[in-house]
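> Keeping their order, the protein sequence lines are chains A and B.
Residue numbers for the first sequence follow full-length UniProt numbering, so the first one is 1 and each next one is one higher.
Residue numbers for the second sequence follow full-length UniProt numbering, so the first one is 1 and each next one is one higher.
What the hints contain is simulated information worked out from the structure, not anything from laboratory work.
All of these numbers come straight from a predicted model, not from anything done at the bench.
No incorrect hints appear here.
Which residues of chain B face chain A? A few of them, derived with a C-beta cut under 7 Å, are:
1. Thr-171
2. Asp-196
3. Ser-197
4. Arg-198
5. Ser-201
Beta carbons: idealized from backbone N, C-alpha and C, even for Gly.
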Amino acid sequence: MKNKNLKYSIILPLVGLISIVMISCERGFSDDVDLATFPTNGDIYIDDPVGLTDEFFTSFDPATGANTNGFGTDNNEVYEGSSSIRIDVPAPDDPNGGYIGGIFKDRGEGRDLSGYDALTFWAKASTSATIEVGFGSDFIEDKYAVGVSDLVLSTAWKKYIIPIPDPSKLVQERGLFLFAAGTQSTNGASYSFWIDELRFESLGTLGQPRPRILGGQDQTAQANIDTSVPLIGLTYTANLPDGQDITVSAAPSYFDYETSNPFVASVNDLGIVTVDGPGQGGDNTAVITASIGGISAEGSLTIEAVDIDVISIFSDVFANVPVDNYNGFYEPFQTTLGGAVNENGNNIIDYTMLNFVAIEFYGRDGSDVDPIDATDMTHLHIEFRVNETVDASDYINMELHNNFTLPNGISGSFQILGTELLSNEWVEFDIPLSSFNGLTSRDAIGMMLFVTDNNIANLSIDNIYFYAEN
Amino acid sequence: MKNRNLNIRLKSILICSGLCAGLMGLITNCNPDETQNVTNFNTISMQDEFDIDGAPNPAIWTYDIGTGNNGWGNAELQYYTDRPENVVVENGMLKITAIQEDFEGSGYTSARLLTQGLFEQKYGRFEARMKLPYGKGMWPAFWLLGANIDEISWPFCGEIDVMENGGSKPTIVSGAVHGPGYSAGNAIVKEYEFTDSRVDSEFHVYGIEWGPRYINYYVDDVLYNQITPEDVTGDWVFDNGPFFMIINLAVGGVFDGNPNENTVFPQTMYVDYVRVYSAD
Chain A
1 MKNKNLKYSI ILPLVGLISI VMISCERGFS DDVDLATFPT NGDIYIDDPV GLTDEFFTSF
61 DPATGANTNG FGTDNNEVYE GSSSIRIDVP APDDPNGGYI GGIFKDRGEG RDLSGYDALT
121 FWAKASTSAT IEVGFGSDFI EDKYAVGVSD LVLSTAWKKY IIPIPDPSKL VQERGLFLFA
181 AGTQSTNGAS YSFWIDELRF ESLGTLGQPR PRILGGQDQT AQANIDTSVP LIGLTYTANL
241 PDGQDITVSA APSYFDYETS NPFVASVNDL GIVTVDGPGQ GGDNTAVITA SIGGISAEGS
301 LTIEAVDIDV ISIFSDVFAN VPVDNYNGFY EPFQTTLGGA VNENGNNIID YTMLNFVAIE
361 FYGRDGSDVD PIDATDMTHL HIEFRVNETV DASDYINMEL HNNFTLPNGI SGSFQILGTE
421 LLSNEWVEFD IPLSSFNGLT SRDAIGMMLF VTDNNIANLS IDNIYFYAEN
Chain B
1 MKNRNLNIRL KSILICSGLC AGLMGLITNC NPDETQNVTN FNTISMQDEF DIDGAPNPAI
61 WTYDIGTGNN GWGNAELQYY TDRPENVVVE NGMLKITAIQ EDFEGSGYTS ARLLTQGLFE
121 QKYGRFEARM KLPYGKGMWP AFWLLGANID EISWPFCGEI DVMENGGSKP TIVSGAVHGP
181 GYSAGNAIVK EYEFTDSRVD SEFHVYGIEW GPRYINYYVD DVLYNQITPE DVTGDWVFDN
241 GPFFMIINLA VGGVFDGNPN ENTVFPQTMY VDYVRVYSAD
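Using the sequences plus the hints, can you model the full thing?
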């Protein structure tokens, strides 16, 4: 949308000029009329900044701790030519800011980078360190932002390649480079790194493009009509000329999206899925898929339009209520490790060495977390994935505790059998709350307990919510 | 297209040689017959465009089946079959597919096609247009063996590797010869590196031009190596008789190591055509 506006603003004066020419001497369109294209120069910093804004480097907001002092150039330490960029990464307690980072912006209206396939540069550091780099961020839209959060620098000069997921999108890009560096990888020790020969290149040696949404997983979700859910876990993997894969985060606008059922759900160019209606003919599901440059992305979202009231404890679709923790760590009897993790862009709860574990939401240790009043709810939705072999004799004993830790506390239990579970596959359960034996009231549920007695030691859980159909 | 380019280059060599010879003649009046010996290979003697879907043409191709001796001498991991899962002609291409599966005690299956006993030729241009798989442990190859292998054994029969690729190096292929005194780890080999392309993203033509006392190695229209009797550390066994062709996709083994957790299965080696030319 923005592109169009900018283009028209340039086209209109041109059209005006041409009109005058045509009226005055009745000639046809000139072959020189070239509509709204932008410079194609790929160079960013060779021995000097190339076509960047006067400030050259635009820092992240110092209010966030960004240190604006550590940025400069170096005429001694270069890979090639006479100068490199030198960045001094501050220690976390530096009074001028505990990390450094920012962007390089084109000084004009942007560049046409559609003829390139990668951002490349040479870099080295005073010690092995991990930094974040990217491009496509202009601090305005960040529409085509690409990032690598774990680029490992060594003490020798090395060439780094950051692939462009779909160069055809970059017809007017101002965000030419981004970096951010702290001392997380150096145990708080400050260090320096150098960047040289920073440019966009057409390499031709990148292969095996693999876009992914939702971390490449096929996920399912229920959502209410007129609600929206963003697609997350958007990445693009390419194989580098040295045979190694690199995976970058890719902004939603690189992807083209498709819905299998427009009567149920639509998705916009920012990857926001909106549930539009209940569907037709009893089909209330839509499968959302995506592609980059005609290459299908791994992963999909099957969304089921529902009309339910929800109190969500853990889900990427519904707004979650605050909880105290996803693992109460009851010592000394509990062996269970783990908690909430991001698995390829999908937030899940992952437990290992499980004998029993609790999710707590009652205000433990004086926290502000309130217990859940599930009086108007009818079901608990929960999904389990057993990350090991499942035996028929395995079980998950679930308990819900009302008024947990209080003298009038009660609890109800429900057993899931090994025969209902699958090894390394998600299985969904919709359990009537009336099936939790002993749960005679549920106006202040504060704890959800999972007991396996180590028969199932490795268990993942996702999409935990109470609901009632309207 | 390819041949025309080659011919143009060969003609320019001839012209240059002629000019040089002429100059030499003017200056020294030496024997004008001592010009460079160049052979043109313009006559198609065998071609398979893989136009008919199904199993490969049995009049041209046969198969090695199984695991050979110690993974075909190279600690390769695959079991070769002639099943359509592993080898089929489809959409104008020969497809050799490596699959990760338990099969007859092996962890992978794939295919190896030979023209042994069906098409054998001494000298000529041998070329195949191919797109290769990628990832560590993938070992696609297009190569020739002396047709007398069953009589005098390897490496005395000679082996000409037109193209080998290790999947962990998607921009590098190599060509080699093996013979008595220069086999296996001592083969005479040279790599070719793509600077703006890859073996797995585009089709490329891999070929040799083989004549008396020389083998020229090509990728597309680039001549990247010539091997002559002066280059080998043993007897030159490539002027003795006909050779047959082999196309295979090995998994694991000594060339690129074994697959790792990032190696994708199944994967396919695509062969658009195989063409052999002989001298006029």
